[in-house]
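Visitor: The chain contents come next:
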Amino acid sequence: MPKPRQQLKNTQRERLIYRHRLMLSLLIVFLLTGIVVSRYTLLQIVDYEIYKTQSDRNRIQLLPIAPKRGLIFDRNGELLAENIPSYTLTVVRERVDDLDQTLAIIQEFVELSEEDIAQFYKGLRRRRPYQAVPLKFRLSEEEIARVAVNRHRVPGVEVDAQLVRSYPHGELFAHVLGYVGKISEREQERIDPVNYSGTHYIGKIGLEKYYEDLLHGTVGYQNVETNAHGRILRVLDSHDPIPGGSIRLHLDAQVQKVATEALGDKRGAVVAIDPRSGGIIAMVSTPSYDPNLFVSGISGTDYRALQEDPDLPLYNRVLQGQYPPASTIKPIWGLAGLYYGVVTPSTRIADPGWFSLPGGSHRYRDWKRGGHGLTVDLDDAIVQSCDVYFYELAYKLGIDRLHSFGLRFGLGATTGVDNTNERRGLMPSREWKQENRGTHWYPGETINVGIGQGFMLVTPLQLAVSTSVIASRGELRAPRLLAAVGDSPVHAPLMGQLEDVPEGAWETVIRSMERVIQGARGTARILGKDLKYSLAGKTGTAQVVSIAQGEKYDAEALELRKRDHALFVAFAPVENPEIAVAVVIENGEHGGSVAGPVARKVMDAFLLDTLAPMPEISGVSDE
Amino acid sequence: MNNGDFVRQMPGGGQGIRSDRGLSQRLRIDIPMLVLLLMLCGVGLTVLYSASDSSSAAVLRQARYMSVAVVMMLLVAQVRPDVLQRWTPLAYVGCVVLLIAVAFFGVGAKGAQRWLSLGGFRFQPSELAKLVMPMAMAWYFSSHPLPPRWRHTLTSLVVIAIPTFLVARQPDLGTSILIAMSGLFVLFLAGVSWTFILAGAASILAAAWPMWQFVLHDYQRQRILTLLNPESDKLGAGWNIIQSKTAIGSGGFDGKGWLHGTQSHLDFLPESHTDFIIAVLAEEFGLRGVLLLLLLYGLIIGRGMWIAAQAKNSFGRLLGGSIILTFFVYVFVNMGMVSGLLPVVGVPLPLVSQGGTSLVTLLAGFGILMSIRADERLVHQ
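Those protein sequence lines, which keep their order, are chains A and B.
Residue numbering for the first sequence follows the numbering used here, starting at 1 and increasing by one per position.
Residue numbering for the second sequence follows the numbering used here, starting at 1 and increasing by one per position.
None of the hints are false.
Just so you have them, the derived chain B footprint on chain A, three or more residues with Cβ under 8 Å:
| # | segment |
| --- | --- |
| 1 | 23 to 31 |
| 2 | 38 to 50 |
Chain A side only, calculated, beta carbon under 10 Å to chain B, not exhaustive:
| # | residue |
| --- | --- |
| 3 | E14 |
| 4 | Y18 |
| 5 | R19 |
| 6 | H20 |
| 7 | D56 |
| 8 | L62 |
These are calculated hints, taken from the structure and not from any lab test.
Note that CB positions come from ideal geometry on N, CA and C, so glycine has one too.
Excised from the complex, chain A in its bound form (with noise of 0.2 Å):
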């Protein structure tokens, strides 16, 4: 019967549905409300006093305890940085009745500046019930005593004894360990609150914020009953926290030192790796600053005189710093000659003094006014650093090659370094000219990159980095700092390997790096003497195009700002290389009499010191 079907609706039976289903859902509601009303009987009436007692145990409550901070050694297992105990007054905000009568009581035995206050109540927002919010931290001894006696007057304050950062060799490691410091309020949105609900402080840069995760460790609580007063009763139950991972690095505090004292007064920066593992050996870059006034909350008087220092004792030379590789590059360059095949180490180019470009009449002068001999040949070039060599050499081997050749020394990019803020430098190529100059290249920006001047930047990192590919014969390795985390050796990543190199080509550089020392006109010929182990350097001046950093100095000031930047790399054993190192001085002027007497402490340090047997460091080994 299809007629029935075509009518369009029968409201009677719709309604009638519609009285079903809504009595149906009423059904379910008074069954879903009859849950509802049973839970919270449950909840209210029969497990009453279950919940009655664990309401009142929240005065009794879950106090989180911070984990130890892992230790960081030096690969001898002297200590870099510590926990020392520190004593810190804590107000239980729950605990106190009246907090601005409290916290004046407190003002007269404890003096309280307004940073204190205000830190204190930023705390106070953030914190979870029953938890001690810090007041004034590294109380002093008499500090201690006064409170002990005052105790009575202020219920709720209390003297918490916590261990904080120390760093036993203060500036000595400032740049390379970083600091810790109170934990911001950006931090804590990052950082997981549970496991950082009783910790004060975080890794704020350097290898303590590189290895944050690492030397943190889990937080762990404790459940403790307390009276009315807050005094705590007993020990409910307790989980331990797992204390950070201590951490043991490749950096020689012998070898740091003996680097630090090197550059003396000078600004700038000493790095040393073993091409073997590509730990980092020492790490410096001066001036330094203390770490420790981090720890506590540095002033803002100190911290303004740190950040207005001409001198720029916050700025890590080492990963940050950016100079031009000067004629430090000119053995890679030499190595990409052989290698693409452009000169073999017998061609011979004329040295007039001069090198002009095919049918140009711009003259690029070398350093020494009318050359180094009629002609020079590869080993010429480097032992007397012969700029108009190189200027053809580069003009032969075009931006390209140089390019692509120095991304495999590990130039123009981040070395993957375990440190924070390290800049890349620049490895100029004619896509990174377009992109940020917007203009091609010039074969005239190729003549100066031959000698590591022009667009060409390097960090120290890098330049230590490059030096010891050469003295590995071509592994590119990522430098570490990590040598072991506990007993367990942590292995630097292999980035790359140079293959294909002609046969010799190697020897050839190394062997004229070795007379860059050893030669009668070796440019760092004056490092020679009493040498008691074979190496291979390369000396580097570098002009000063403009002022780092853009700082206004005054005119006395400036002409020392517009010197020559005094460059040195090195390696040694020269046949089985066991350090290679990169020296910076700023302003310096002179690589060889300057930057290379630093190098060569630094070797004899590490090589020679016999004061201390070396031991076998795990996790070098190559396999």
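Knowing the structure of chain A, use the given hints to seat chain B on it.
Guide: Chain B only, in chain A's frame:
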């Protein structure tokens, strides 16, 4: 001034009960419902005063939101159901467009993208969807013979799925479930066959595992796991549930008294003004208070169902029924999650939890109910 005085001053105002009806009818207001809702708001403000540590500023702010929402409700009540019905398809399309816009231009916080910012004014299209969804479904079924055939049932599922999916991926699981439910309620009330309901239930069960694996976010999975074993994560996700259960349980039958809840006042209870406010009420007023609150909700739901049942056409019936059932779901889910029966899915306790947006949506829904009621009485006269 009592109502009677007001009525006598009205031109043409009659006498006694009949005139009172006349007035509420002219204003299109359902007086019993209005009184019940205002009582509920009063409960909300009372508990909020305690939950906010006696902050009159918080209470005043909430009272301001409430006034705005009540005005909104009264305005919505002025729109006749047939007008509403006519504009429904457009409203649905507009709402979907806005939800898509959220996906592209939305702003948000904590990884969720839920808001549209229009010249400084922030607005959450998913709230609109809560109202538009039951309207769209009621519109669809009121233009087809009921009970719905399979073809219509399946089409209606698409109507439900689009906004649900868009809200779910914001992500806002709680709201998307509420939106889907408000649509499914219409389907249920329209008389969808039991075969279909059973098949649907079976496929939801079958889809549970893939949902768990692929659709839920880590934090959502965590919440469900925490529900099963809150002790597993005492300082973290389990904290809320442990503390709210403690608050409720320690209230007992009589409660600790207004402003005397230790759980809430010592800050053990998180989100005590918003989703967890029932725990404050349960702690301070005890089971007695909880039962009275449930009675209030029960009266509202009863009145709402009665209005829906009386509606003059299927659009009004279906829409009214869905609105009131969804309201119940709010109450059930909130009270269930705070007492540890259900996972924590950000559903407020209607008209009691602090917050402006859901208040406006909820009361707008009651505005629609009032309009349906006014319409029905017109017919009766």
